[in-house]
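Could you slot chain B with the ligands onto chain A? The hints should help.
Quick note, the sequences are listed as chains A and B, same order.
Here our numbering is used: position 229 in the first sequence is 229, and no number is missing along the way.
Here our numbering is used: position 2 in the second sequence is 2, and no number is missing along the way.
If you're looking for bench data, these hints aren't it; they were derived computationally from the structure.
You can trust all of the hints, since none of them are fake.
Here's a subset of chain B near chain A, in silico, CB distances under 7 Å, partners left out: (1) ALA136; (2) LEU189; (3) GLY191.
Where chain A lies over chain B, by a calculated footprint (3+ residues, C-beta under 8 Å): (4) 154-163; (5) 173-179; (6) 238-250.
The model shown is predicted, which means the values in this text are computed figures rather than measured ones.
Ideal Cβ placement from N, Cα and C applies to all residues, glycine included.
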Amino acid sequence: MGSLLDDPADKATNPISDSTNRVISPINDSADKVGPCYEPPVPFSGSPGGGKSGLLAIITKELRRFFTDRRMVITTLLMPGLLIYVVYSFIGAALANQFTVPTSYEPKLYVLNLPDSLRSLVHEAGLDLIEARSEQVAEIKQDIASKTDDLLAVFPADFDEVVSRELNGLNPQDPALSTAFELPQVELFFNSTRVESTAAYSSVYSLLDSYKEAVLPLFTVNAAGQSYDLASQQDKAGFVVTSFFPMLLMIFLYSGCIAVAPESIAGEKERGTIATLLVTPLKRWEMALGKVISLGMIALLSGLSSFLGVMLSLPRILAVGEGASGEGTGDALNGSGLDVGLYSASDYLMLLAVILSTVLLLIGLISVISAFARTVKEANTMVMPLMILVMLVGVMAMFSQSAQEQALYYLVPGYNSVQSMVAIFSFTAQPLHVTITVGANLLITALCVVMLTRMFSSEKIMFNR
Amino acid sequence: MNPVKVGPPDSSQAPFKALIAGNRQSRACLLLSGIVLVAILLLRRYCTFRRGTMTLYVHRIRKVSMPRSSSHPIIIQTQDLSKSFKLSARQQRLEHSTEHVRIAVDKLSFVAFQGEIFGLLGPNGAGKTTTLRMLATLIRPDEGDALVAGRSISRQPEAVRATIGFLTSELKLEDFFTPSYLFDFFATLHGVPPDIAAIRKAELFKRFGIDEFAEVKVANLSTGMKQKASLVISIVHDPPLIIFDEPTNGLDVLTAKVVTDYLAELRDAGKTIVLSTHIFSLAERLCDRVGVIIDGRMAAQGTVPELTKGRSLEQVFFDLYVSVKGKVA
Ligand SMILES: Nc1ncnc2c1ncn2[C@@H]1O[C@H](COP(=O)(O)OP(=O)(O)OP(=O)(O)O)[C@@H](O)[C@H]1O
Ligand SMILES: [Mg+2]
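If we strip away everything but chain A, and leave its shape as in the complex, we get (with noise of 0.2 Å):
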């Protein structure tokens, strides 16, 4: 074909063409603009990008830039989950100070003519009672205002006598019966505004509660050993972790993109490096494509570790809930409704997949947007927007009860992680919309590499100013 175009009377008259040197007349259509020109053999360019693709260089080279650089780890990685792993452990303890009671606390609980048929009870509860003698009543009603002591009971000092007299020959179905005779009074004495007095009056309080069941059961309420919460576990976690863990995770993902993407691209601009890689033979999608995922796979580290500081310091802000209703401390870590195990293999194969596709769609997006900026400040508030939505739909989702049935949703990125997220937590995923949204993620993802293949190549954007 290129010798049809050329002009035989033009190589006929190059000086050039009979030199001895080698002549190669150009391969392709210039040849009717310039005239032909000495190519010289080239070393390396047998495959730009050379045995090692340039895609797995560029990958390696943003990882290595990230993994040596001891600030970077740390600030994007470490302290991410550390802080928050902190800072909600800190508030959790600082709320459930307010609350409860720490177990290895020994409440000082006086008593006044313990009855014998309560000491078996007493003992069986783990209560230690100090018998005290009268004289010293009106002493440690003092301590309990002055806070020193926590709890008083005064028991009548014929209680037995009075309790089985009353109840001997008397019929217990007869509900008026109970009014009808003068009943022994206990009389507990705290103080209200010391969290441990109310602990162990609520404790000591549900203990005489139940010893009255027992010898008058007129009728119980829940004492058949049995549980009596009908919601299932997996609805009770359910419940809990919808209503605001895919807002977090978005969140999440989304400064782990922040803080590695405009940094790389935005960054490489201001900083001048990115000529240097754009004279080499490397090529643009291998550029694009390389950032986006390398920059995919810190900034899905980054908010790993941010998940991790939650969910290892989730049971210590769920804990304040159940502590809060005065049964101490011992069993509210069981009581958080989390438990991971309620979820099988397949919903966290769905989750990761969801994570992965929105992390490399928030990723895309902010590579595009900062590659339109010219240095990381701007390409910071120029993301803005994109934080705004992430926001949004987060929030959406905590107020949802239930996630979107309808397909359609699905195919809006960004809407449809939440979404998916909402139903694979609360157990009612469906693989179609969870197919659908990954699909919808990476498809725009894709466009995002494209569009950055297509801005490096641009000189407006790259050498603005």
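Just chain B with the ligands now, kept in the frame of chain A:
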């Protein structure tokens, strides 16, 4: 030129249907559309649509007059290379200028021969860097084209990039890495096998004294050290064509001498070097041929003796400047 199209004008699906239906009229239609396609492809070789304006621009096939003095083949040939920049409001304010467009390079044509050092000489803002950036495919010419080692800068930029080593102050090395790592990294990007890269690294690092700071992060290097590292990394792939923008800028005389000696050595080894400078003594001493650029235009080009004819290059430049601009500003 365009064959007359017969048959149904609605096009896209028609040929496929036609193929199935097999009637004669649509077969003719298929044939014709094929001819049109070929015609368009052929047209594309001769014509390009200038970007922005949609005017058909047919390239004239010009014969380039060859300087008879050279016995070497052409390796770079630019034709009517033009580049203008839109000035942003901020730039206009900074430069106290009211023009919206700055013509940096204006229909620049020159040739460089294989095995020579070609110098682009010119005052500040003449368009030297812009020209070299176009040759290195960092930016695209608005008009015109150049063949660099037989590859068109506008149509085969990737092939051009594999052929050249380009150095300009605009290209920075990443602060975080060491010269040693960056050398390996760029060797990989250029497809240099690791064993060859290692040999070249040892050789070049020793030559430019980089071994002393090979493992120091670029951020902690002095300007000259960075410049040396950039230079070495720009030729990691042993390119046959080296394009250096002000190669001795920011270097002390000792290092500058190492660089110019090395360039002369590369030339003697058969490489071609295109460099830009505004240091006339350097051009006189180092270059085989020079092109003098004033206001983005080629004011004169030729071998150094041809141009100077006994005078100093500086004097020649002043004369040229006066003849172009009227006076020495
Ligand atoms: N990106 C840009 N935007 C706007 N104007 C530009 C840009 N790059 C170059 N110019 C203008 O083009 C003209 C030529 O610039 P260039 O850098 O090519 O000059 P030069 O010959 O290299 O000068 P020097 O010797 O000072 O390096 C200058 O007037 C410059 O202001
Ligand atoms: Mg310059």
